[in-house]
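Chains as they are written, first to last, in my numbering: chain U, 24 to 460; chain X, -19 to 214; chain C, 11 to 290; chain A, 48 to 433; chain S, 2 to 367.
It is possible that some hints are incorrect.
Stated by the list, open to error - Here are the computed lysine-lysine pairs in the BS3-like style, where the Cα-Cα straight-line distance is at most 27 Å: (1) K276/C / K175/X; (2) K54/S / K38/S; (3) K175/X / K156/C; (4) K276/C / K226/C.
Unchecked claim - If the Cβ cut is set under 10 Å, some of the chain U residues that face chain A in the computed set are: (5) Y68; (6) S191; (7) T224; (8) P227; (9) V247; (10) T327; (11) D329; (12) V394; (13) V413.
Stated by the list, open to error - Restraint ranges, calculated between C-beta atoms of paired labels, are given here: (14) E183/C / E159/X: 53 to 61 Å; (15) E222/U / P337/S: 35 to 43 Å; (16) E91/X / L39/S: 56 to 64 Å; (17) R164/S / N90/A: 35 to 43 Å; (18) E239/U / S423/A: 52 to 60 Å; (19) E263/S / E159/X: 33 to 41 Å; (20) T432/A / L35/S: 47 to 55 Å; (21) G40/S / S423/A: 34 to 42 Å; (22) F108/S / V425/U: 42 to 50 Å; (23) D326/A / L39/S: 53 to 61 Å; (24) F108/S / V371/U: 32 to 40 Å; (25) R(-13)/X / K226/C: 33 to 41 Å.
Honestly, the hints are just simulated from the structure, not real lab data.
Where a beta carbon is used, it is the ideal one built from N, C-alpha and C, also for glycine.
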Amino acid sequence: MSARVDDGMAAVSEWFDGRSDAALLLVLAVGLYALFTGVSLVLGYDLGGIVNTLRRITFLSAIYAMLVLALNLQWGYTGLFNLGVAGFMAVGVYTMGMLSTAPTTNPPGLGLPLPIGILGGVIAAALVGAVASLPALRLRGDYLAIVTLAFSEIVRLTYRSPVFETFSVAGLSLGTGGSTGMSLPTNPIRILFYENSQEVTSPPSAFGEAVFGTFEAIGVRAPVVEGTAYAIVLLFVVAGVYALLRRVGNSPFGRVLKAIREDETVAGALGKDTRLFKVKVFALGCGLMGLAAILWRIGGLASTADFRPITTFYVFVALIIGGAGSNTGSVVGGAVFASLLFEGPNFVRRVVTQYVDIGIGQTPSTIFEAVGPLASLDVTPLLAYTISDVNVSALRLVLLGVVLIYLIQNRPEGLLGHRTETAASVDLSERPGGEDR
Amino acid sequence: MALLEIRDLDAGYGDLQILDGVDMDVGSEAYVAIVGPNGAGKSTVMKSVFGLTTYMGGSIEFDGEEISGLGPSEIITRGLSYVPQSDNVFAGLTVRENLEMGAYTLDGVPESRVEAVFERFPILEERQGQRAGSLSGGQQQMLAMGRALMLDPDLLLLDEPSAGLAPDLVAEMFDRIDEINEAGTAVLMVEQNAKEALRRCDRGYVLVQGQNRHEDTGRALLDDERVRADFLGG
Amino acid sequence: MTTTAPDSDDAPADESAATTDADADAPLLQVRELEKSFGGITAVDGATFEVERGTITGLIGPNGAGKSTTFDLVTGVQTPDSGQVVFDGTDITGWRPHQAANRGLVRTFQIARELDEMTVLENAMLAPRGQVGENLWRAVLPGVRKEVVRQEEQLREQAWETLEFLELDHLAEEYAGALSGGQRKLLELARVLMIEPEMILLDEPLAGVNPTLEEKLLDRLHSLRDDGYTFLLVEHDMDVIMNHCEPVIVLHQGEVLVEGSPEQVKNDDRVLEAYLGGEV
Amino acid sequence: TGGDGGGSGRTIKMGLLMGVTGGLSNLGPPIRNAAQLVPQQVNDADTDFEVDVQFEDTATAASQGVSGGNALVNAGYPMICGALSSEVSLQVANQVAIPNGITMCSPASTAPDFTTLEDNDYFFRTPPTDALQGQVLARIASERQGHSSAATLYLNNAYGNGLSAGFVDSFENEFGGTVTASVSYSEGQNSYSSQLSEALSDDPDVLLVVGYPGSGVTIFRDYYNDYSADRDILVSDGLQSGDLPANVGRSMDNVTGTAPLGEGPGVEFFTEQYQQVYDADPSGKPFTRQSYDAAAVLVLANAAAGENAGAAVRDNMRTVAQGDGQEVTPGNLVEGIEMAANGDAVNYQGVSGPVAFDEAGDLAAATYEYFEFTDSGVETVETITP
Amino acid sequence: MATDTETNTLVAFVRERAVLIALGLFVALLVADLFRKLGTGALTAASLAGFVKDGTVLGLSLGLAGIGLAMTYSILNFANFAHGDYITVGGVVGWITAFLVTGLGSFEAQPLVLLRASSRTLGISVTTAPVAIFLGLVVSVVVTAGLALLIDRIVFRPMRGQRGIALLIASVGVALAVRYLLVFTLQTGPRGLTAGQATPSWDLPVGGGSVTITAHEATLAVLAVALMIGTHVLLRYTTFGTAMRAMADNEDLAQVSGIPTERVIRTTWLLGAGLTGAAGFLIALERGALTMSFGWQLLLLVFAAVILGGIGSVYGAMVGGLVIGLASRLSLVWLPESFIIAAAFVVMIVMLLVRPQGLLGGVTTV
Ligand SMILES: Nc1ncnc2c1ncn2[C@@H]1O[C@H](COP(=O)(O)OP(=O)(O)OP(=O)(O)O)[C@@H](O)[C@H]1O
Ligand SMILES: Nc1ncnc2c1ncn2[C@@H]1O[C@H](COP(=O)(O)OP(=O)(O)OP(=O)(O)O)[C@@H](O)[C@H]1O
Ligand SMILES: CC(C)C[C@H](N)C(=O)O
Ligand SMILES: [Mg+2]
Ligand SMILES: [Mg+2]
């Protein structure tokens, strides 16, 4: 009898647990959307502009969520401090590009079908991850951090080198485009809307025509429609990655990862081949990072400027915001980071410029000109200086730094707090079968 | 008046309270043992005296002065030394450097004290250049004792000094502690080797779940049926 | 991405404890001429001994005699400079710890090493061998995952039983980092018991354990021994050695000094001098 | 915010997308300032027209340029004045302007690539293509300086690649010289001594450096540390920064260079305006004139189109700056806007000369200045028409 | 079976040494090839000497910049990612001082403070303005040390006892905040500092050509070596040095031993950051220019140097710096320019794999 009640309770609590995560994410999404709709209205955007703003928020949040989820597997679960995120992302993107861009473009690619390119990119990132994990087999903590960071710089410098700008292997010419970068294949979402999805100038298909027509009528332009559709697809991808990693974490596999994080020698002494686990985690995580990066850049440009260490730090900030070790936290962190910290400051700037009238040419160009007038209680120059685009982008990074320090000092467990995601495929919160000895 | 007077002490870690109204006295030159089950809070008492836990109430007086608010580096200068239960040597330093660190608060390292420690634990002299982390478990325990003796303290806090020692060394360790005690240093000791500890000490406390359970002379506790049954394994 | 299960290594996992081997009379563990030195210090110097199946063999010796190092060498935490370790008929010299463990030979650490940010229950469930869910794909793919869940349910029950026995069940959901020194030792023991190995090397498992519990533990060791487990036990408490171990091996300066029954050992002059604090 | 067609006032929306940080942090701000004179002029004038500008910084990086461009599109700007670096313009055109149907007019992107860009005619520019500048530089090296061997050290982006290739082609094929080495480099490194040693390993007579001041300072410092101050060095427009000798910390007598420099009817007016608003002299600051012109033409085209719609602006880009309509100069720009809005034909004659776009959206005519570095900045030696 | 074991241990032995042997062979091969290239004239002695000089100068910069990092690394047990920006701060404040000392009176103050004044007209060099340079050096030491203490108080002190990774993350936050506050106040863009024409230099004939050494390179080299030796003496012959290591090892125990842990930490920051500030100033002197991110760009190379030498070893930082500096410049003999930084990183990674404790170090952090 009591066993039944217990079972029921467990089921309820499990349902509730799952539900509360979902509810949390829903509330977050609604909140962010409301916020950015409001801001867009203040900025006087038309419907097209609003939709496009929300699209961008969704898109960036989804990409960061994926990156953070992947990193969480490595750091949150296994304790592997991988500071090479940007490098693995680059491997994914560049491999995809070299496989799938047309042989006729500059730099040339192999012109293979896009799915092969994407798969190839993910596999390459996973393989490179596995190779990079070899040091991880011997090193821990900050050594690993520095090695992976150096590794990602090696990757970036290699892609940027003129030596590989265009080169040929086995008679095929290929290239990374050096520091110019490489144009990637068009976004696959275009298949939905265009006759010839690979051509930028292609006319829309009948379906595309109909959809674009409908939205055009309410002021939403075709690229926005296209981008919104893509963002929605990305949300599904995130959901998939989330489900995958949740299962990975809540399993005996995940339990071993946790054990490695806590004390590798113990895990080994208990019969776990820790090296193999670490290699797998690196491969899986880096493969996912490659995938996220591909989805991020596809239809655009692969440029080494996007894969500098700062990109890695962005992902880390997002992870810390959400809370290391928690998958739901990773998604929350990705979304909060991308929309508030990454995009937010520029919106603040736009809103402020909307309300504060700074005459053309009146923005002070030095801090002295900005601060000087304070003596006569004139704050406008300082404000103008502060919110000028140049300084906003500097201040955004200052803000990022401060947030990072604040979180790690005061809330190292992240927004979601310590969520005990127990590493087991079954519920551990209660002893089932009522041990009424 | 006792050298160390603990009154109604509440302490713990962060929000977690472990000690609940603990009272203890260590007279000057006394020899006091604390025994009790695992997790009772014995180590926590020691850490609290040394200012390493979250203080939650009560008082700790040493030599008539309140020390509950002070930090360890302040406390040590008043004549207390502490040998923690685990992690009690500087693993990366040599044996000799470990001893030197024991005397850090003095201006120079008194060579005579080093000699005295070496005399007590000859293996340390042999290994004085070796990294402490690579000593055997027992050797580390000896080194930890040696480090604490460098200051010639008035009160020595020992957390399970005999754990991991070979029988001859256990006996020897207890003898040394007796000697130290006889030479005028008060000793407050936590031991799982309860019988031996109670046999030798002047006074014993049995701590259970953060509270005083029994308190008497060592002999009396040894003879107490309840204590025997509950904690000394028959 | 590799799909090999971690236990599909060159060391085949042996699911059940002991007794399955054909040559049941041969010693379970044979250590021959083991040597290991660090810089100028020879920690283990030609140690040679055997451990028979179904015994609780004692390993004693002065501090620094090389007991813990011998454990390290036998279980692969360190590699010997020379010598040989044979376990259950297989030469396991130089194997890595996880290989030895999967072969049925595990050890505890003298200074307890717990997995702080895992709960006590997770700690216990981590240990067992042959967990299908340690295979990444099985843990994830629908369908095959059923088997994982089923096994997990079993493990959970087994873990609860083990914790109960060691009086840790009230702490099952605590983080291991919050345990007291003695509780950590118990947890370490719980973990190795969960592995159900053939042989367990215990490095001072009773140091710091309260006497009442100590007795219960020793009782349990005996009943496990009767179930076919084999123990090699390092312990400094001579009462324990005398009353519970048979035979006893005395290690001194990295080599075996004496081997025999507790009585013999206790009355051996060399042991008295080297270890017991010689009232010769 | 649709247009109401006729001559009565409306708000013209123009986005500015330029790099004022990053590699072009020296050259960018004056170029932006010049463009902002146009809205300033209109908004201060007594007219019903208003120009709504929003500025976004590209940080001279393609990715940031694209996100800035998107922000402008979101806010409903139908046309973008910018970007500066060819590299950035290329990406913004491909990823933002062309797909969204936004008209772009760059005041500074000179790479040859744009001539052949498939852009649905959405991309225009007010400076001439580097296909011409490469020839001019080769002529100077060969005929004026009398050199027969040269090396190039160029920024690895659309601009550097294009200009270096143009120079090499012209120097070898038209003037029969030899190019001993062409070495590329990327922005933001701490030292360029190894690139220099590679470029100069065969001791060429002259070295052409193509890049931006961001890394130029370091390149020249490294050069003077290890090599002779007597070798002729040529630079391109991107290094026409008066601050350069000051930052390099020595005189740069051996360095000369070229930059597009049109001379139109509005120069005096423009210089005066600039001086008045910014309290600085725009001369010697490359692309400031072109920048004013780019903004002016966009605003005129928008006025003529009568609505803030990208395609309509595009369709009017050519009509407002050629033909036999009423001549409009910077001095009477505001009138010109009113006329254009009324549907009258206008022909804009800019600060840098006529702004007549050809098929590709390039300028038909071009002039360059040949400049040298002096103690106080840069000075024009002569103007050259290829 | 016995032979089995022997092969087992032999295999293990060979495996452990194999990497080392392979590495040795590889280096030998490179050296041989170097001589071949010199012999055939594919490489001139002068350009090789140029590489060596450049590598040495870079190496000494890295070594000097690395000492502070090595000190804080061993004591506080974390990799300080803000270290690069401390270098930048040292360079910036030192040079603002030098500018003001030289230019005040004849120039406007604002461009001097913003480092916008023309370095050409200011004409600073060791020979023309030694006082300004000396004062700049002093200020860079003082201000950087002060800043490090302040940041320690605000950021790191509340986090004492936390794991190295948490501190590392906090230091990334510090790095971003410091760097971009500099950018906010001073704006980006490179600043020229010294006057090229006023700087003496000497041509040393090598083979058929020559190698130029400037007075500023020489200054950097001499001061770097002097500061390194000074630091070593300080750490080696004081109990403070031992206390530092004791703390690095086991902070709790250090506390109960009565070591005033906070004071040791403060002193470490003071010394380490002071040296770092000096390094920033001197590196900028040698380069003749700085940007707001030059320290950050150096950071990974500095890490490489420190790790190579063995974390916590001052001599190690010096040797590591030289190895990294020389490796990156000499790699030009074989590799295109775009790979020289990568080459330095590869050297570091290989080193970590083969000898995780570094060339000279003993202490490792886990
Ligand atoms: N750092 C800590 N944080 C939180 N809880 C702690 C900490 N250290 C100890 N505890 C808890 O405090 C209680 C008392 O621990 P303490 O170490 O004082 O026990 P003890 O009596 O010394 O036991 P033992 O004989 O096993 O060493 C235990 O329940 C333990 O889990
Ligand atoms: N990594 C190492 N480096 C140097 N010496 C070591 C190392 N490990 C162990 N030793 C030395 O080897 C000897 C044997 O140590 P071991 O830990 O095996 O002793 P033990 O018998 O377990 O002693 P105890 O009973 O005190 O635990 C000791 O002298 C010890 O100092
Ligand atoms: C601002 C200019 C220097 C830009 C340069 N002409 C380019 O096309 O990249
Ligand atoms: Mg205790
Ligand atoms: Mg031992």
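**Study point:** Hints violated by the structure (numbers, ascending)
**Key:** Per hint list: 3, 6, 8, 12, 14, 17, 21 and 22 violated.
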